[in-house]
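In case you want the letters, here they are:
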Amino acid sequence: MKKTLALLLAVVMVLSVLAGCGPQGNTETTSGTQGTNPPEGTGSSESTTPEDPGTYTYNTSISIFPSNWNPHTYTTTDDGMPLDYTRSALYSFIFNDADHPVEGKDPYTGYVIVPEMAAEMAVDVTEEVKASHPQFNIPESATSGYAWKVVLRDDLKWEDGTPITAQTFVDSLERVLRPELLNYRAYDNYSGQYAVVNAMNYALSGQGVFTSFASMGTTYEDYIAEGHTDDEVYVDMNGFWGVTAADKHTYAKITDDNMVRDPAVPEGENEDYVSAKYLFDNYLGPNGDYAGSGYDTKYLGILEFPYEAGYSFDNVGLYAESDTELVYVYGAALDGFYLYYGGLSNNFLVKPDLYDSCLQEVETPAGTVWSSTYGTSIDTYSSYGPYKISAFQTDKNMHFVKNENWYGWTDGNHVFVDPEDGQTYNMYQTTDIDFQYVKEPATAKQMFLAGQLMTYGLQAEDYDQYRNSEYYYVTPSETVFGMIFNGYESVISSRENSADFDKTTTDLQTQMLQSFRRACAVSIDRDLFCATVRPAYSAGYGFLGQTFIVDPDTCEYYRDTDAAKMALIDFYSVNLDDYNGDLDAAVGSITGYDPETAAELFQQAYEEALAAGYVTDEDGDGKSDQTVTMIYAMGSDMSTFMEKTLKFLNDSLNAGAAGTGFEGKILIDPSANVGNDWEKNIKNGTMDTELCGWSGSPLDPYSVPQSCWTSDTLSYWNKWWDPKTNELTINVDGADITMSYTDWAECLNGVMKTVDGVEYNFGFNQAEKDTRIEILAALEHGIMTQYHLVPLMQESSGFLLTQKAYYVVEEYNPIMSRGGISYMRYNYTDAEWDEYVASQGGTLQY
Amino acid sequence: MTYEHIPAEKFAFVQEDKKLRDKALETKARGFFADAMIRFRKNKSSVIASYILLFLVLYAIFVPMFSQYKITDTDSMYVNFPAFVPSVADKGWGILDGARVMDSQNESAMLFWKGIATETGKDPVIAKVNTYATEVKYRGKMVTRYTYDLAVNMYYAMGILYRNFNYAEFQRIQDWQNETGIQVIYPYVEPDDISGIADRPNIWYKCDASGAAILDENGDFIPAYSTYQEKAGAEYNSIRLPNDPGNWVYSTAKAGSVQCRVSYYNYYIYRNGHEPSYLMGTNAMGMDLFSAIGVGARFSILFAIFVSAINLTIGAFYGAVQGYYGGMVDMTLDRISDILSGVPFVVVTTLFQLHLAQKVGVVGSFLFAFVLTGWIGMAALTRKQFYRFKGQEFVMAARTLGASDFRLMFKHIFPNAIGTIITSCALVIPGVISSETSMTYLGIVNLSSFAGTTIGTLLSQGNAAATTAPHAMLWPSVFLGLLMICFNLFGNGLRDAFNPTTRGVDD
Amino acid sequence: MLKYTIQRILYMFMVFMIITFMCFILIRMLPPAVLPPGDPHTEVVMMRREALGYNEPYLVQFWLFLKNIVTKWDWGLSEKLYYGQDVWTVFIRKLPPTIIVNLYSIIWSIPVGVGLGIFAALKKNTWVDYFLSTATMVVISVPSFVYAFLIQYIFCFKLQWFPFLMKGGTDYFSLAMLRSLVPPVLSLSFGVIAGFTRTTRAELTEVLTSEFMLLARTKGLTKAQATVRHALRNCFVVIVPAIFGEFIGILGGSLIIEGIFAIPGVGGLTLNAITGLDYNIFMLSTCFYTAIGLAASLVVDISYGFIDPRIRMGSKK
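Residue numbers (my numbering), protein chains in the order written: chain A, 598 to 1443; chain B, 14 to 520; chain C, 2 to 318.
Since the hints were derived computationally from the structure, they do not count as laboratory data. Take the hints with a grain of salt, since some may be wrong.
[What the hints assert, rightly or not] Listed next, the in silico SDA-like pairs over lysine to any residue satisfying Cα-Cα at most 25 Å (straight line):
#1 B:154 x A:1434
#2 C:68 x B:352
#3 C:68 x C:296
#4 B:154 x A:1017
#5 A:1277 x A:1103
#6 B:150 x A:1409
#7 B:141 x A:1438
#8 A:1244 x B:299
Generate the whole structure from the sequences, applying the supplied hints.
Put into structure tokens, the structure is as follows:
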């Protein structure tokens, strides 16, 4: 149980960090909660099986209970779970079947995009909108892709029967973006290449943007010399010192001498209260400790207000032409798959009157802040999807029943053709969905075997037993787990200098050596690591996991592209000639575990460390006197899983260092439980290492670099390795282009960048697919070669599926998964099932 | 009958010439403790309990000392494995054979086990416990499924694993093979030859994508061993499988290392120099439960004794002062203990862990948490006893004779209370152990980095896999149960011995 | 007596305040939870922190904390688990299940435990007594999660007599609910029953050997009459207070039981608050458990006062 917890915790953290990373919450598209709409004239919309009067309940368990599923604010997928069943999308993804054939694909191996809440496919209205709505600034040259008209069905309703019109969409977008609400999901809707035009101006209206002197290419002295005053200079309090002050709690004028309590320093000790002026005088200013270190220009800068306050929502690119006609205007051209996957899939619909009644205005000394209770109980939420919540008890259970006001039950469009018997069946055979909170996996297992749950996620000890079962399924995942290594040199050095440990036996600084971190990376046998701590996982080698897809039409995996293979081959220093240029063989030979190289690198690191004075060898035995210590930031209590992990890592590193100067002198030392602060500690360099996971939007790998390298809050290493200033040269179509990592990431996502006078845009539809893949691979390789994080495991999970039901399609499809609940068929009704379970003596054989 | 008229001459002096003296006692004088010992010995259950207790303590001391497994000897693969002693297992008595009953084993699983048996020569299947024929709808159609409950030897069932070795290690294993004749390295199988399955090293035969074996017309496996000489990782010049036509490849080249399929059982022998042998099986960390319990108990008992000794001392003084003086003193002291006892233990432990653990260590702060409130019970008990005895005549008598308060408290009243106090002290020990267990189970404290492991840690680790590996919870529970019962009985015996008037009463 | 009672209540309140104060300071001394950036609740929580004087001396903070409770019954916002939600609302929603489970266990454990205790005492030094004493000891020795797991495995999985989890909903007195509560109640009561058996047996054996029992027998009462009329009444001096004492113990035990049987109670909440470092919830739980504990000991004291004036607290001699 503890194992799962630790991992779950890690995953949740990741998801909370990275789920927002993907341009959109894309759970809709993969969980298959949408219905289908067969092309006109197939005439087979009548279901051929008579309606079964029995109920079909989908019973399942969760170990983390949703507490807030407000589509505008939820942060984790656990919280967002109820949304999967209670929302519909404008367009949905369904399997290709006999009614929806896709050329060149066997049934149930591809996907088809069909209108869902929309009545028909979107129509490009770029030319019309360009003429009629100049406020959207559609480029003169553009003729298509910017504006799309969606005609909605005229029978859309909330669960209580009130109609949903085009205006509801507009009102909902206004609410998610409304600046004073500061909705967590607003970011999804105003950033990236799928953003509606001007949404950012509205969402951020009146907000200040901090520009550091470094990014302005100047310094404090130069800035003042230009005739500016201290009054215009701001200190990034949070960035530099981790405290929040006035002005959005982050940036403070240096003339401001309000003292801010630093919660990290115990009351009464030095620096328990700091002000911007104090930081400036002592650290960042011309007389401070960090003058000229680079930190001074990074954390000093100016605050600008580029987003005009009181910006009108009328300028945001979504408007209703009539009750059923909705026009989306994007900031960049979109088309095809990504229009439907990224653009029109935005699912921000809320019931406006209910939403407003859930808003609470809280008066605080510093102004008004808003919070919302929307989506925290049955009364504060309204469904517009196939199911609605009928019972909800916090941390106990949640029950869904059919939403009778959902158009899909009767429109005859939500059907599929079974690949085995060729008959047409209704989607959503499930009539009830029941979620139970079950804490202990042992309980969940017993309940599953007693027929009370539909799935059971296998624990490590179950694999031997159930792997041969025909009810065993594997679901791959985009999450990669790996180790973070501390690269924050200034912090490590200051920790070493202010050390309260015995410096003759302990050393922190050696880990700053890249050779040392590389040695660590190749000392870990990833296969063995998985077998030891997480049998379901497989070894992970790349920054991007196995399931990212570069081409949705062909379902081509990123990892299967030549560029991605080359990135790994280069990174793991595989000699391609040994494999006669066979990329697959070369990639197949990678284990990430290279004991020979590890020993060489450790010895090299040892010599470098000796030379730099990090370690000593007083007794001249060729071994370091100090133990290189890395503090492992514990995000939970010590568990069996963590103990195994730490033991394994320590054993591996020391085995790798056998015969070198660091033999037996490497220690990964667990910290006390710091809870979620592990993240803060890692980012601030006060702790050194962590096993953590990261993921992203599986169908849009290009968005991963953008979310990780353009946002300081999302990345672990931005404080010590600034992607805005670190540059990377990539050879694109024969020309070497040098840009910072941030610029590359943005450019890959449709932002125009100018290098040496040439404009580049590698966004979707702007550059060739292969070019984009090459850039992505180069970025991946670039970040991995810093050895700040070392990929170790590829997540995947095995589960048993009940005998009560089955998925129409057994093979996992990267876009459609297994079709989710819409493609689930039942062998037994609830009553028949109970009878069957009883006839088996109450315990089932799987 | 009366004796009024006994004649005087009937009387004679017993002795006239000797001085009358007390005779020296022929038996040896018995002190308080010796007396108690005698009474204690008469109490059979307590004597038995004390012997068991002694045995448990000796177990805790010596088992970890002499076991071939240290607490740090954890095997990453033999995790939560049942009890197994090879020599006993061979006898087929149904004990110590590493067996776990696996249900839901279908035909393809049976073939899978058979594959392991065929390749390694060690049959994991011990017995077919049950056979089920189930009529069930599968994908909408009625089918008949046959499943079995199998008793499987987990150690043999592990079969073959993939391992990456550096070249030197690969050669060392070959040398060892040549020397001992035990085969560790088995021929390699290319995943492409077994339907691309790369994560199931036990498959060495043709199979479909789900890993189900495809048999030839005789019902035999079709070997899929690699014959791609060009992919070999390093030269192999050691034992080959008996039916090896000579061109099977025993390793594959990986970047910087050699990957091969190893028989984990034999690899274990290679690494440890002996066969796996676990009297009580292994736990979730892959420790030998037999010695882990000893290590855990050592800490638990020491910690508990330490805690109760401190608590006894503080509590006895505190309670004595309270009970003896009464009034304002009692009132004031009682307020203090009330306040302390009012703080829930979970809260105390948590706060101490959060505040103190970094300064004085986990054990230190845990100890503080126990001591902070632990003595209160002892104090209350002493106080109660003092109230009971302080008004009694013998105390009054002593007081009249001018005995000082201190003398009255510790010479006259305290010995009367000692029986009760000793009993409760013996009861505090199990109490501490079970609190420690709960706190460890709840994850509020973790002592294993300090103590190697504790009984509580073992229990909570066992609990996580209780359905598949009940032994991992059973043995620590049994040990803990025995320990506590014996402490209790032992305590009762002591109390009866010290304080015979309250025999049979346990409060 | 009334004066004594009022004294005790006032005094308990004082103790409660002191404990609250101590815990408050210890909790506030911990670094405050890190808040997710860009969430509106973060603003709210930050503002609340400012209003609660996180930068002020602890005494001022405590004063503000009390003031909010007294004037607005405001226990703060959850900063981790139920982000931005009112702690009291969260807590009170979870209180009924905990209370109900504990109540049920107590209600049936008392007669069973006391009954077994009497039985053992009457059959003193026979195999019945030995068996019961040993069983009691075993039950007390083994941590509750071990047999909670066993109960679930045997009664819910193997025999299928009861559902695995507590039934959802708030119909705490319906039959279905009662049935679903049997396993957790059973798991909780094992320890309680054992405790009662032990206490009752101990007291009763002591009482049975005292002189007034001999007197009762000599004046012609049967053994049963003497036991019921004299011995039992006397041993209730100890047992009645023990009942309240057990109530606290059982609340502690339910921390574990609640997780296993999915009881959405305050035990699990407390535990999550501890591991999740949600300090406001933790503070409220601390106050709750402290209050329950003190209330119980208050009742114990007062009942002692009523039942046996000889051991009234604080009396001289």
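Mind listing which of the numbered hints don't hold for this structure, in increasing order?
none
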